[in-house]
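> Protein sequences, first through last, are from chains A and B. Be aware that the first sequence starts at 0, since it is given in numbering that gives the first Met the number 0, and climbs by one per residue. Be aware that the second sequence starts at 0, since it is given in numbering that gives the first Met the number 0, and climbs by one per residue.
Derived from the structure by calculation, the hints contain no laboratory data. These numbers come from a predicted model, not from an experiment. A hint or two may mislead.
Identical copies go unnamed one by one, so any copy, or any two together, can satisfy a pair.
[To be verified] Straight-line C-alpha distance at most 25 Å; calculated DSS-like pairs for lysine-lysine: (1) K69 / K157; (2) K172 / K82; (3) K204 / K148; (4) K127 / K69; (5) K204 / K69; (6) K148 / K127; (7) K82 / K173; (8) K127 / K82; (9) K173 / K69.
2 protein chains.
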Amino acid sequence: MVRLAVDEVVQSGQIIGLSPEHQHYLAAVMRRQEGDPIEVLSVGGLVFRAVILLGATALRVTEQMGRAWKPRRHITLYQALLKGDHFSEVVDRASQAGVSLIVPIVTDRTIVRDVRPQRENRWRAIAKEASEQSQRASILEIGPCTLLKEVALLDGSKGFVLHPHPAKGHHSKKPWLEADANPVALLVGPEGGFSADEVSYLEQKQFEPLSLGPSVYRSENAGAFASVLFLQ
Amino acid sequence: MVRLAVDEVVQSGQIIGLSPEHQHYLAAVMRRQEGDPIEVLSVGGLVFRAVILLGATALRVTEQMGRAWKPRRHITLYQALLKGDHFSEVVDRASQAGVSLIVPIVTDRTIVRDVRPQRENRWRAIAKEASEQSQRASILEIGPCTLLKEVALLDGSKGFVLHPHPAKGHHSKKPWLEADANPVALLVGPEGGFSADEVSYLEQKQFEPLSLGPSVYRSENAGAFASVLFLQ
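If we strip away everything but chain A, and leave its shape as in the complex, we get (with noise of 0.2 Å):
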C-alpha cells in the first residue's frame, strides 16, 4: 500500500489536499487514481486510511489504522560530504535503515566543503520519499553542515567513529549486541582519514573507534548498514 506522509495532524473525515510533489508522485509514479486506497501518515506517527479523490489532488481520510513503528533508539549519522550526488545515496539508504538524524560534516581532508540550498532541498525530498516507502513513523532529518571540530555527543549517548581498519582488538567488539536503547552517535569520515588533530579532538569527545567486521565498506553504505545492527 502507498504511504504519505502529510505535515498536519490527521483527523478521520478530513479531506487534504495533496502538494504537487505527492500528485505527481501518485500519478505518474505510482498510477493511482481517483478512488483507490491509500494510507496517510499524520504529524505524530498515526496511520490513517484514505481514498484518492479529485484526479489525485486531494484524499479523504477514512480511518485510523493504528501507530507507524519507531526505530528501537534514535541514531544521529555525522557523515563528511562526498562528491558528486554520493549524499544522495547515503540519506537513501539511511532514511530506510531507520537512522533518525543525518548531520553532513565538513573536516580538514573533506574535499566538498559547503551545500547548495538546491542540494539540501533534494535530500530532503529523496529522505521524504524513502521514509515513506519504509513505513516509519517519522521523516529522517537532515542537519545543518557542521565542522567536524563542532560535533560533540549528547548526556547519555554513545559515539563510534566507522573505522575500516581499526587497530587490532576493535573488530571483536560488537556494542549493538548490548541490551540497552541509548542513543548513538555513528560517524563516518572523508576518504582521505581524520588529521591527527581531529583524531584527538574525536578522542576527547569520547568517540570511539568501531569496525564492522573484515570488509571495507563504502563510505555510501557504511553508516546504513552499522545503523541495521544498531536497529536489530
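Following the hints, position chain B against chain A.
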C-alpha cells in the same frame, strides 16, 4: 590502498599485464601512476604488494602481505529480477555486504523475465569492483537466471524468505544471532509478492518467512541489510 583482483595465481617477483578495465580504473579513476604502490589479490585469496609499471599497463609483484578476509558463512541471495538498472544496485550492495553468490530469479509476478548478456557482463564488472573495494578474498559470483520453482536448499543450509510484513511472531525471530556458521539462502521476491503456488512451493522447500524488523526495505536494500546481520 587500491587493490586489484587478478584472474591468476600470483607469485612474488612476477610481472602482470593489466586488463583495459584495470588500466582505466588505475589511471583515470584512481589517478595512480608508474611507481605507485598497489595491492594485488591472487586467485586463492592471498594478497601481495606490487608496484605500477610502464604507464599503468602492468604491475611488478614485490611480496606477499597476507590473506584476504572470507565471509564467516556462505550466503546465497536469490533475488527476483528488477526493472531498469536496479539489479545492478543489488549486485553492488551484496558484494560489499559479503554475499558469496547471487542468483537472479524469475517468479510468476516478475515483470522482467530474461537477462541480456550485456547486462550480465555489467553485473560481473560491478561485482568485481565492489568486491575488490571491500577487500574480500573472492569476487561475488553471479549464477544463471533461474525460475523460482527450481530453487532448492543445499543440505545443511537454512533458507529465509524476506517478508516486509510477515505474520505475527516472525518479528521476534533473530536467526542471525545463532552461533553456527551454516550456509544461508536469502530470497527477495518481486514487488507484487509471490503467487499462492509459489508460497506453497517455498514452504515445501523449507524456506521460512523472516522479517528484519518493522521497516519496509526496498528490494535493492533488503538482501544486503539481511546479509550484514548474518555476517556480523
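> Now look at each hint and say whether the structure bears it out.
Verification of the supplied hints:
1. Proximity of K69 and K157 under a CA criterion of 25 Å is satisfied intra-copy only: 19 Å inside one chain copy versus 30 Å between copies.
2. In this assembly of identical chains, K172 and K82 lie within 25 Å of each other by CA distance neither inside one copy nor across copies; the values are 31 Å within and 39 Å between.
3. For the homomeric pair K204 and K148, the shortest alpha-carbon distance inside one copy (10 Å) is at most 25 Å, but the shortest distance between copies (55 Å) is not.
4. For a Cα distance limit of 25 Å, the shortest separation of K127 from K69 inside one copy, 15 Å, qualifies, whereas the shortest one across copies, 37 Å, does not.
5. Proximity of K204 to K69 under the C-alpha cut-off of 25 Å is found in neither arrangement, the shortest distances being 28 Å within a copy and 34 Å between copies.
6. For a Cα distance limit of 25 Å, the shortest separation of K148 from K127 qualifies neither inside one copy, at 29 Å, nor across copies, at 37 Å.
7. Proximity of K82 and K173 under a CA criterion of 25 Å is satisfied in neither setting, with 31 Å inside one chain copy and 37 Å between copies.
8. In the homo-oligomer, the alpha carbons of K127 and K82 lie at most 25 Å apart both inside one protomer (22 Å) and across protomers (22 Å), since each shortest distance falls under that limit.
9. In this homomeric assembly, K173 and K69 come within 25 Å of each other (Cα to Cα) both inside a single copy, at 23 Å, and across copies, at 19 Å.
The structure fails hints 2, 5, 6 and 7 (numbered hints given earlier, in ascending order).
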